[in-house]
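Q: Residue-level listing of the chains:
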Amino acid sequence: MFKVSPKDEIFFDFFVATAENACRAAELLEELMINYVNVREKVKIIEEAEHECDKQVHKILQQLNRSFITPIDREDIDLIAKELDNITDNIESTAHRFNMFNVQSIHEDAIRLAKLITTCTKEVKALMVELKNMKKSKVLTEKIIEINRLENEADDIFRSAITKLFVTEKEPLEVIKWKEIYDYLENTLDVCEDVANIVEGVVMKHT
Amino acid sequence: MFKVSPKDEIFFDFFVATAENACRAAELLEELMINYVNVREKVKIIEEAEHECDKQVHKILQQLNRSFITPIDREDIDLIAKELDNITDNIESTAHRFNMFNVQSIHEDAIRLAKLITTCTKEVKALMVELKNMKKSKVLTEKIIEINRLENEADDIFRSAITKLFVTEKEPLEVIKWKEIYDYLENTLDVCEDVANIVEGVVMKHT
Amino acid sequence: MFKVSPKDEIFFDFFVATAENACRAAELLEELMINYVNVREKVKIIEEAEHECDKQVHKILQQLNRSFITPIDREDIDLIAKELDNITDNIESTAHRFNMFNVQSIHEDAIRLAKLITTCTKEVKALMVELKNMKKSKVLTEKIIEINRLENEADDIFRSAITKLFVTEKEPLEVIKWKEIYDYLENTLDVCEDVANIVEGVVMKHT
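Going down the list, the sequences are from chains P, W and Z.
The numbers in the working numbering rise by one with no breaks, and the one at position 144 of the first sequence is 144.
The numbers in the working numbering rise by one with no breaks, and the one at position 64 of the second sequence is 1064.
The numbers in the working numbering rise by one with no breaks, and the one at position 6 of the third sequence is 2006.
FYI, nobody ran anything at the bench for these hints, they're computed from the structure.
Each hint should be verified, as a subset may be incorrect.
What the hints assert, rightly or not - Straight-line alpha carbon distances no greater than 25 Å define the calculated DSS-like cross-link-like pairs of lysine-lysine that follow: (1) Z:Lys-2082 - P:Lys-82; (2) W:Lys-1044 - P:Lys-164; (3) W:Lys-1170 - P:Lys-164; (4) W:Lys-1179 - P:Lys-164; (5) W:Lys-1164 - Z:Lys-2179; (6) P:Lys-205 - W:Lys-1059; (7) Z:Lys-2179 - W:Lys-1170; (8) W:Lys-1135 - Z:Lys-2055; (9) P:Lys-55 - Z:Lys-2138; (10) W:Lys-1082 - P:Lys-205; (11) Z:Lys-2055 - W:Lys-1205; (12) Z:Lys-2059 - W:Lys-1135; (13) W:Lys-1170 - P:Lys-179; (14) W:Lys-1179 - Z:Lys-2170; (15) Z:Lys-2164 - P:Lys-42; (16) P:Lys-59 - Z:Lys-2205; (17) W:Lys-1205 - Z:Lys-2082; (18) P:Lys-179 - Z:Lys-2179; (19) P:Lys-138 - W:Lys-1059; (20) P:Lys-55 - Z:Lys-2205; (21) P:Lys-82 - P:Lys-44; (22) P:Lys-179 - Z:Lys-2164; (23) W:Lys-1170 - Z:Lys-2170; (24) P:Lys-170 - W:Lys-1170; (25) P:Lys-170 - W:Lys-1179; (26) W:Lys-1164 - Z:Lys-2044; (27) Z:Lys-2179 - P:Lys-44; (28) W:Lys-1055 - P:Lys-138; (29) Z:Lys-2164 - P:Lys-170; (30) P:Lys-135 - W:Lys-1059; (31) P:Lys-179 - W:Lys-1179; (32) Z:Lys-2055 - W:Lys-1138; (33) Z:Lys-2135 - P:Lys-164; (34) Z:Lys-2170 - P:Lys-164; (35) Z:Lys-2135 - P:Lys-59; (36) P:Lys-179 - W:Lys-1044.
Produce the complete structure using the sequences and hints provided.
A: Here you go:
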C-alpha cells in the first residue's frame, strides 16, 4: 500500500513549487500579450522566472541524489521535474520571439492560446498538489482528463489560426514569425499533456 | 537463456497490433496523397487511426504496470510503445497539414516519401513479429539493416526535394508549407529508424 | 567510495573518443564556413565523421551490454553516448543545409556560432577526460559552468542574428534558409549543455 512519509513529501512540495513557477510564467506571458507595452522589460521578468524554475529543478535533482528511498520511481521524479521545467522553457522561448521578431501587435488567436496555457498550468499545479494523495485517484484522473481536453482545444485553435495566417497574411516574413510563435504556444500545451501522461503512468503503478 | 512464456507474449502481440496500426495510417496517408480528393474526410479517418494507436499504447502501459516480470526490460517496452505511437503521430500531423495549409495538389517527391513510409512501417511490423523470436537474430538484423537503408533512401529524396523546392517554387508561402510537410515525412522515417535502433539494443542484451 | 577499475576505464575512453569525433566535426564545419569553397566535398567529409561517431556509439552500447557492472549508472552511459552523437548529428545537419539550400556565402554571425561550437566541443571533450577522475570535482564543475556560459553566449548571438536577419534580409526564401541554419547551430550548443547537465547529475550521485 502506497503511503507518503513526511520525509518523502519534500518531492511533492518541490513539484508544486515548480508548477507554481510555470503558472507565474504563464500569467506573465498572458499579461505581456494582452497589454503589449514595455515588451523588453516584461520578457526580462519572464526570463528571470525561467531561471528560478531551473534552480527549483536543480534542487529536486539534488534531493533525488541524496535520497536512498523515494516515494515514486526515481526516473519518474527526474522526468516530472524536467517536463515541468520544459513548460517554463517554452513560455520563455515564446516571450523572446516577440523581441527577436520585433512583433508590433498580437494576434487574437495567440492570446486565446496564452489564456489556455494559463488555465492548463493551473491544472498542472492542481495535479501536483493531488499527486501526494495518489489514492484519491478520482481527482487525479479528472485533472488528467481536463489537461488532455485543454490540449485538444488548443490543437483546434492552433490549426485554425495557422489556416487563417496563410490565407490572410500576405507578407511572408510575418507568416514565418507567427508560425513559429504559434508552434511554441501549441508546444507548451503539449508539454503540459506530457506531464499529465507521466503522472497517469505513476498512478497506474501505485494503485 | 531467453525464453518467452505464453504470458509474456502479450507484449509482443501488443507491439504487432500497434505497428499494424502504423501500417494502416501509412497506407491511408499514401492513398490520400495519390487520390487527392475528399481530403477532409480522409484526414478524419487518419485522425481516428491515431486515436486507435493511443489506446493500444495505453493498453501496453497498463499491462506493463500489472506485470511483475517482463520478457524484456521495462524501459524498452515503454520506449518501443511510445516510438510506435510516434510514427502514427507523425503521419497524422502530416495529414493535418494538407487541410491547415489548404494544399491544392501533391508534389511527386512527397508521394515517393509516403510510399517509403508505407514500406518502412511494414518492415517495422515484421520487426515486431520477429522480436518474439529474438534468438533467430539473423532475420531481426536483416530487418534492422533494411529499415536503416530505407531511412537513408528517404534522406536522399528529402534533401533533393528541398533543393528543388527552393529553386523552382517562387511563392514563399508555398515553400514554407511544403518545407514543413517534407520535414514531417522525413521525420516519420527517422522515428521508424529509432524503433529499429531500440530493438537492436534489446537484441544485444538478450543474445 | 567511487573508484574506477582498469576494466571500467573503457567507457570513459570511449566517451573521450566520441567527444574527439565531435571536436573534429566542429572544426571541419568551422573550416567549411570560413573557407567557403569545395562545399560538396567538405560536407562529404563531415558526413563521414558523423558515420565514424555512429560506430563509436555502437561500440559503447555493445560494451554496455557485455558489462555486468558499470562505473556509472547504465542509463547515464547510454544517455551520454547518445547526446555526444547528437552533437555530431547537428553539425552534419547544418553542413547539409549549405548544399540543400544552395547557400552562396556565409553570414558573419553564423561563423561566430561555429567558432563557439568548436570551443564548446573542446570543453565537452575535457569534461569527458575529467569524468574519469570524478572526485576532483572542482575541475569538472568548472567545465560544466564554462559549457553553460558558452551556451548563454551563443543564445545572445543567436537572438541578435535572427533579429538582424528579419530586418536586413528582404528575400523571404533567404530568411527561411538562414533561420534554419541558425536554429541548427544554436541547437548544437544546446546539446553540448545537455551533456554537461547529464554529467552534473552523475557527479551528484557519486560525490
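Q: It remains to establish, for every hint, whether it holds in the given structure.
A: Comparing the hints with the structure gives:
Annotation: proposed proximity of Lys-2082 of chain Z to Lys-82 of chain P holds, straight-line Cα distance about 18 Å (limit 25 Å). Of the pairs offered as hints, the one joining Lys-1044 of chain W and Lys-164 of chain P holds, with about 20 Å between alpha carbons and a cut-off of 25 Å not exceeded. A threshold of 25 Å between alpha carbons decides the hint, and for Lys-1170 of chain W with Lys-164 of chain P the separation of about 21 Å falls inside it, so the pair holds. Annotation: proposed proximity of Lys-1179 of chain W to Lys-164 of chain P holds, straight-line Cα distance about 19 Å (limit 25 Å).
Taken as a hint, the Lys-1164 of chain W and Lys-2179 of chain Z pair is honoured in the structure, with Cα atoms around 19 Å apart against an allowance of 25 Å. A C-alpha spacing of about 14 Å is found between Lys-205 of chain P and Lys-1059 of chain W, which places the hinted pair at or below 25 Å, so the restraint holds. For the hint linking Lys-2179 of chain Z to Lys-1170 of chain W, the alpha-carbon distance of about 18 Å falls within 25 Å, and the restraint holds. Proposed proximity of Lys-1135 of chain W and Lys-2055 of chain Z is supported: the alpha carbons are some 24 Å apart, at most 25 Å.
Proximity of Lys-55 of chain P to Lys-2138 of chain Z is assessed by CA-CA distance (about 20 Å); at most 25 Å being required, the pair is judged to hold. For the suggested pair Lys-1082 of chain W and Lys-205 of chain P, the alpha carbons sit about 17 Å apart, so the restraint of at most 25 Å is met. Annotation: proposed proximity of Lys-2055 of chain Z to Lys-1205 of chain W holds, straight-line Cα distance about 18 Å (limit 25 Å). In summary, the hint linking Lys-2059 of chain Z to Lys-1135 of chain W is supported, as the alpha carbons are separated by about 21 Å, within the 25 Å threshold.
Under the criterion of a C-alpha separation no larger than 25 Å, the hint pairing Lys-1170 of chain W with Lys-179 of chain P is consistent with the structure, at around 19 Å. About 19 Å separates the Cα atoms of Lys-1179 of chain W and Lys-2170 of chain Z, which keeps this hinted pair within 25 Å; it holds. Restraint check: the Cα-Cα separation between Lys-2164 of chain Z and Lys-42 of chain P comes to about 21 Å, which is no more than 25 Å; the hinted pair holds. Our distance criterion of 25 Å between C-alpha atoms is met by Lys-59 of chain P and Lys-2205 of chain Z, whose separation comes to about 14 Å.
With a C-alpha separation of about 17 Å, the suggested pairing of Lys-1205 of chain W with Lys-2082 of chain Z holds against the 25 Å cut-off. With a C-alpha separation of about 13 Å, the suggested pairing of Lys-179 of chain P with Lys-2179 of chain Z holds against the 25 Å cut-off. Distance restraint check for Lys-138 of chain P and Lys-1059 of chain W: the Cα-Cα separation of roughly 19 Å lies within the 25 Å cut-off, and the hinted pair is therefore satisfied. A distance of roughly 18 Å separates the Cα atoms of Lys-55 of chain P and Lys-2205 of chain Z; the hinted pair therefore holds under the 25 Å criterion.
For the suggested pair Lys-82 of chain P and Lys-44 of chain P, the alpha carbons sit about 22 Å apart, so the restraint of at most 25 Å is met. Among the hinted pairs, Lys-179 of chain P with Lys-2164 of chain Z is consistent with the structure: their alpha-carbon atoms are about 19 Å apart, no more than 25 Å. Under the criterion of a C-alpha separation no larger than 25 Å, the hint pairing Lys-1170 of chain W with Lys-2170 of chain Z is consistent with the structure, at around 14 Å. Straight-line distance between C-alpha atoms of Lys-170 of chain P and Lys-1170 of chain W comes to about 14 Å, which keeps the hinted pair within the 25 Å bound.
Taken as a hint, the Lys-170 of chain P and Lys-1179 of chain W pair is honoured in the structure, with Cα atoms around 18 Å apart against an allowance of 25 Å. As the CA atoms of Lys-1164 of chain W and Lys-2044 of chain Z are separated by approximately 20 Å, the hinted pair is consistent with the 25 Å bound. The hinted pair formed by Lys-2179 of chain Z and Lys-44 of chain P meets the criterion: a straight-line CA distance of about 23 Å does not exceed 25 Å. For the hint pairing Lys-1055 of chain W with Lys-138 of chain P, the CA-to-CA distance comes to about 20 Å; that is within 25 Å, so the pair holds.
Distance restraint check for Lys-2164 of chain Z and Lys-170 of chain P: the Cα-Cα separation of roughly 21 Å lies within the 25 Å cut-off, and the hinted pair is therefore satisfied. Distance restraint check for Lys-135 of chain P and Lys-1059 of chain W: the Cα-Cα separation of roughly 21 Å lies within the 25 Å cut-off, and the hinted pair is therefore satisfied. Simply put, Lys-179 of chain P and Lys-1179 of chain W have alpha-carbon atoms about 13 Å apart, close enough for the 25 Å limit, and the pair holds. Using a Cα cut-off of 25 Å, the hinted pair Lys-2055 of chain Z and Lys-1138 of chain W holds, with the two alpha carbons roughly 20 Å apart.
About 58 Å separates the Cα atoms of Lys-2135 of chain Z and Lys-164 of chain P, which puts this hinted pair outside 25 Å; it is violated. Distance hint between Lys-2170 of chain Z and Lys-164 of chain P is fulfilled; the C-alpha atoms sit about 23 Å from each other, no more than 25 Å. Between Lys-2135 of chain Z and Lys-59 of chain P, the direct Cα distance comes to roughly 21 Å. Compliance with the 25 Å bound is thereby established for this hinted pair. Restraint check: the Cα-Cα separation between Lys-179 of chain P and Lys-1044 of chain W comes to about 23 Å, which is no more than 25 Å; the hinted pair holds.
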